[in-house]
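Taken in order, these protein sequences are the chains called A and B.
Every letter in the first sequence is one number past the one before it in our numbering, and letter 50, counting from 1, is 50.
Every letter in the second sequence is one number past the one before it in our numbering, and letter 57, counting from 1, is 57.
Hints are all accurate, no fakes.
Using C-beta positions, here's what the derived DEER-type ranges look like:
1. A/16 <-> B/61: 45 to 53 Å
2. B/56 <-> A/66: 42 to 50 Å
3. B/11 <-> A/7: 31 to 39 Å
4. A/53 <-> B/7: 37 to 45 Å
5. A/84 <-> B/55: 41 to 49 Å
6. A/78 <-> B/70: 37 to 45 Å
7. B/29 <-> A/103: 13 to 21 Å
With a straight-line Cα cutoff of 25 Å, these simulated DSS-like cross-link-like pairs (lysine-lysine) come out:
8. B/73 <-> B/55
9. B/55 <-> B/78
10. B/55 <-> B/70
11. B/102 <-> B/70
12. B/102 <-> A/57
13. A/71 <-> B/102
Treat the hints as calculated values from the structure; they're not laboratory data.
Just so we're clear, the structure is a prediction, and the values are computed from it rather than from any experiment.
Ideal Cβ positions, reconstructed from N, Cα and C, are used throughout, including at glycine.
Each chain is listed here by its residues.
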Amino acid sequence: DTGVSQDPRHKITKRGQNVTFRCDPISEHNRLYWYRQTLGQGPEFLTYFQNEAQLEKSRLLSDRFSAERPKGSFSTLEIQRTEQGDSAMYLCASSRGDRLGDTQYFGPGTRLTVL
Amino acid sequence: AQTVTQSQPEMSVQEAETVTLSCTYDTSESDYYLFWYKQPPSRQMILVIRQEAYKQQNATENRFSVNFQKAAKSFSLKISDSQLGDAAMYFCAYSNSGGYQKVTFGTGTKLQVIP
Numbered sequence: 001d002t003g004v005s006q007d008p009r010h011k012i013t014k015r016g017q018n019v020t021f022r023c024d025p026i027s028e029h030n031r032l033y034w035y036r037q038t039l040g041q042g043p044e045f046l047t048y049f050q051n052e053a054q055l056e057k058s059r060l061l062s063d064r065f066s067a068e069r070p071k072g073s074f075s076t077l078e079i080q081r082t083e084q085g086d087s088a089m090y091l092c093a094s095s096r097g098d099r100l101g102d103t104q105y106f107g108p109g110t111r112l113t114v115l
Numbered sequence: 001a002q003t004v005t006q007s008q009p010e011m012s013v014q015e016a017e018t019v020t021l022s023c024t025y026d027t028s029e030s031d032y033y034l035f036w037y038k039q040p041p042s043r044q045m046i047l048v049i050r051q052e053a054y055k056q057q058n059a060t061e062n063r064f065s066v067n068f069q070k071a072a073k074s075f076s077l078k079i080s081d082s083q084l085g086d087a088a089m090y091f092c093a094y095s096n097s098g099g100y101q102k103v104t105f106g107t108g109t110k111l112q113v114i115p
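Put together the whole structure using the sequences plus the hints.
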């Protein structure tokens with residue numbers, strides 16, 4: 001069990017550029033979540049996948065954000081035309097999905113800085 | 001919508017002493033899950049303890065225990081015999097029992113452990 005991994009760990013970009021983050025969940029986990037965490041706040045839910053299906057998206061996820069999970073394995077989160085307000089830590093979590101209230105295991109996060 | 005409130009932005013405790021972190025939540029559901037997560041500086045978030053709302057018995061995990069008061073919608077975390085490694089941000093979190101179990105986090109309490 002290697003845990004949830006995220007790549008890159010840090011990303012600095014200029015406003016207006018596109019960025020893509022990757023999350024590799026724990027191998028047997030079929031649920032995958034994306035959260036955003038700004039300084040001094042708790043994580044806020046962005047979106048959720050059950051296997052390859054994206055089943056829920058937060059209102060926080062504007063049209064500039066898109067997430068995919070092809071084949072129900074790794075997931076990518078893309079932000080188009082980045083804005084300074086997108087600067088945050090983007091966290092990925094996964095869970096087995098085999099029972100109610102199952103534990104979500106978090107990755108180390110990708111810290112995005114938009115200049 | 002569910003909300004989670006942590007009214008203590010920062011707490012400190014002397015090493016080997018006991019500290020209690022407070023959390024209140026608001027929900028109209030009768031069945032749900034509550035969690036305490038720990039986020040050390042620059043490290044990933046890990047689960048400390050979880051509580052099923054239908055269980056009257058308070059959860060315990062080694063030096064960590066909770067005081068779950070369902071009627072008062074209160075869920076405090078007690079850390080006994082505090083250790084330097086306990087220094088971290090602690091997030092209280094709530095999850096519905098149905099659907100995809102989106103987790104709602106509080107704003108966190110920063111715990112300092114004084115040697």
